[in-house]
Structures are given as C-alpha cells and as structure tokens.
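Q: One letter stands for each residue in the lines below.
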Amino acid sequence: MRDDRTIILLPDAGPLITLAYAHALDVVFKPGWPVHIVDMVLYELTRHQTPTSKAIAEWVERNSIPVVPTKTFKHFQRVPAAGNEPRRKANLGELAIQETMNEFALNDPSPICVFLFEDHKIARASFLLPDNCRKVSTRAFLIFLEQQGWLASAADVERQAIQNGRNFSQLRFPPSFPPS
Amino acid sequence: MADTVNFTGAVERELLKRAKIIAAKSDTSVNALFNAELRYLVETFEAAEASGNQNFKTLLDFSLGRVDDQQAMATLGIDGPEDLFLLMTQAHLPMPRLPDSTTQSMVDSLRSLAK
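First to last, the protein sequences are chains A and B.
Going by the numbering used here, the first residue of the first sequence is number 159, and it counts up by one from there.
Going by the numbering used here, the first residue of the second sequence is number 79, and it counts up by one from there.
Watch out, some of these pointers could steer you wrong.
Covered, in the sense of this in silico footprint (three residues per stretch, anywhere, with C-beta under 8 Å from a C-beta of chain B), are these stretches of chain A [what the hints assert, rightly or not]:
hint	segment
1	172-179
2	225-236
3	290-298
4	302-316
Calculated directly from the structure, the hints in this document are not laboratory data.
C-beta atoms are modelled at their ideal positions from N, C-alpha and C, and glycine is treated no differently.
So that you can see chain A by itself, here it is in the shape it has in the complex:
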C-alpha cells in the first residue's frame, strides 16, 4: 500500500561535507523531498572556517532550508566554556539527531524521516530508530539517485569529493598526539 506521508530528508554533517567537496550539495533535492537540517549539525559545520563552511552556510540560506531546533543545541549554547577548556561537543550532534527523531515520531501524522549519514556513523551510532525513520548512507543515497536516473554517476561524486579533498593542501598532519 502506498504511504502518502511526507518524506523529509535530514543530512548529518559528514554527507554535507562530502557533497560540498564534490560541489554536489544540490543532489539532496533530487528526490523532491523537503530537506531539513538539525541546528547542532549546522553549528558543527559552520562554527569554524573550513574549506566548506561558507559554502554550506550559503547553501542553507540560499535554499531556505529549515533548521530544526533542539534542546540539545539550546543547552549547548547556555553552558559557558569553563576557563580555557572548550565546551564539550562530542556526541552532541548525535544527541540532537536522536532528539529530532523522537520529536518527529511524536508528530501526528508523523512524517517519514530519512537521515543521511556517512558509513562509519551508521556502523557506530546506536540510534533508537523510531518506525518512521530511516538511516541511509551517502553512498546508498547516491546509488539510489543514479538508479532513478537523477544522477549520472554515484561513483563520480565520491571520486570528485576525494580528489578535491586531496587538492586542498592547507591542512597538515597534526603532530603526534598526545604530545610526548
């Protein structure tokens, strides 16, 4: 039976970074599903100046992508940094995504939410996945687009991202960590 619920696509930071390097952010619009971004994810992508931070911030603004507010991000903003110690950020993106999954699951009717992650995040993160949510990798999404005829080549997008990442020479290997 056909499911007529709204489908919303929510990319995590990793997929947007990959697509930004491939100059292919707009492929997320190909299925015609509304795209939303979680506030903590957007913050993680744009808090520092990186090769993609400006492009992603402008892309979000240009396409009027709705930013999903979370208590996690609100809490993060409220807790001040202690002295010179940076505020704790580890796992906050995932907490915010889990919170978003829960919130969407409680909506009536609940939309179908497709969360886009990189492979390693799918392998690691143990989200409690509500029935209305799907976890999908960037690679699976690109293959899907190719099979639907919306993208010439999934492999080309991945290859372009890697090539452009290699060409970016500003970042150096960090020194041995922790320092001896």
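Take the given structure of chain A and dock chain B to it, following the hints.
A: Chain B alone, transformed into the frame defined by chain A:
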C-alpha cells in the same frame, strides 16, 4: 629488478573493474597499480612509525573500521569530521565502508519510498 612472488587475494568486482579502466587509460597493468599503491601504504606507514608518529596507523585503523571516528579524532587531536575527511584523503586511505549488502538494503529502502 626486485624478486616478485604471486599471492592470492580477493577484491570487490566493481573495484577491479574500475582499476582495469584506470590501468587501460594509464597504459599500465592492474598489477603495477596494485604494487604502486601497496608500496605507498607500506612506505608511509613505516616512515610514520620510524618517526614515532602514530597518525597514519590511527587513520588506517579508522579506514579498516577498527576504531570509530570519535576515537580517531581524539587520538589525532582534531576537532571535526571535515579534518578527519581531509586527513583520510591526504593519506590516500578510503573512508570506512559498510558491506555492499547493507548499502543495497538502504538503496532498496529508498526505492520503496520513491514508488
């Protein structure tokens, strides 16, 4: 010329197909490409190890799925997924990959939504 030995290994069908195309375009063999990449990996690993730098090993462990992204970033002293992505590309290491069967089931799930 260095001594060579034959050995048996397994490679993804699609990856081998792509390697054959690159070999043909580069007027070389898959064997030569494999040797060049393996040499790069071995020499980079050994050079890093000799200088007491564990960064390449950490990236290799991440690529092979032996440590997760958060462990890798903590060990490397970096702060975000973009830095990790850039280091992986510079190290010529692939990002970790889920098994093809897992990827295919996600593709199938998306196709069922698009019907």
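Q: Now look at each hint and say whether the structure bears it out.
A: Tested hints:
1. 172-179: holds (count 4)
2. 225-236: violated (count 0)
3. 290-298: Per the Cβ count (6), the hint holds.
4. 302-316: That given contact holds, which follows from 4 residues of the segment 302-316 of chain A lying within Cβ reach (below 8 Å) of chain B.
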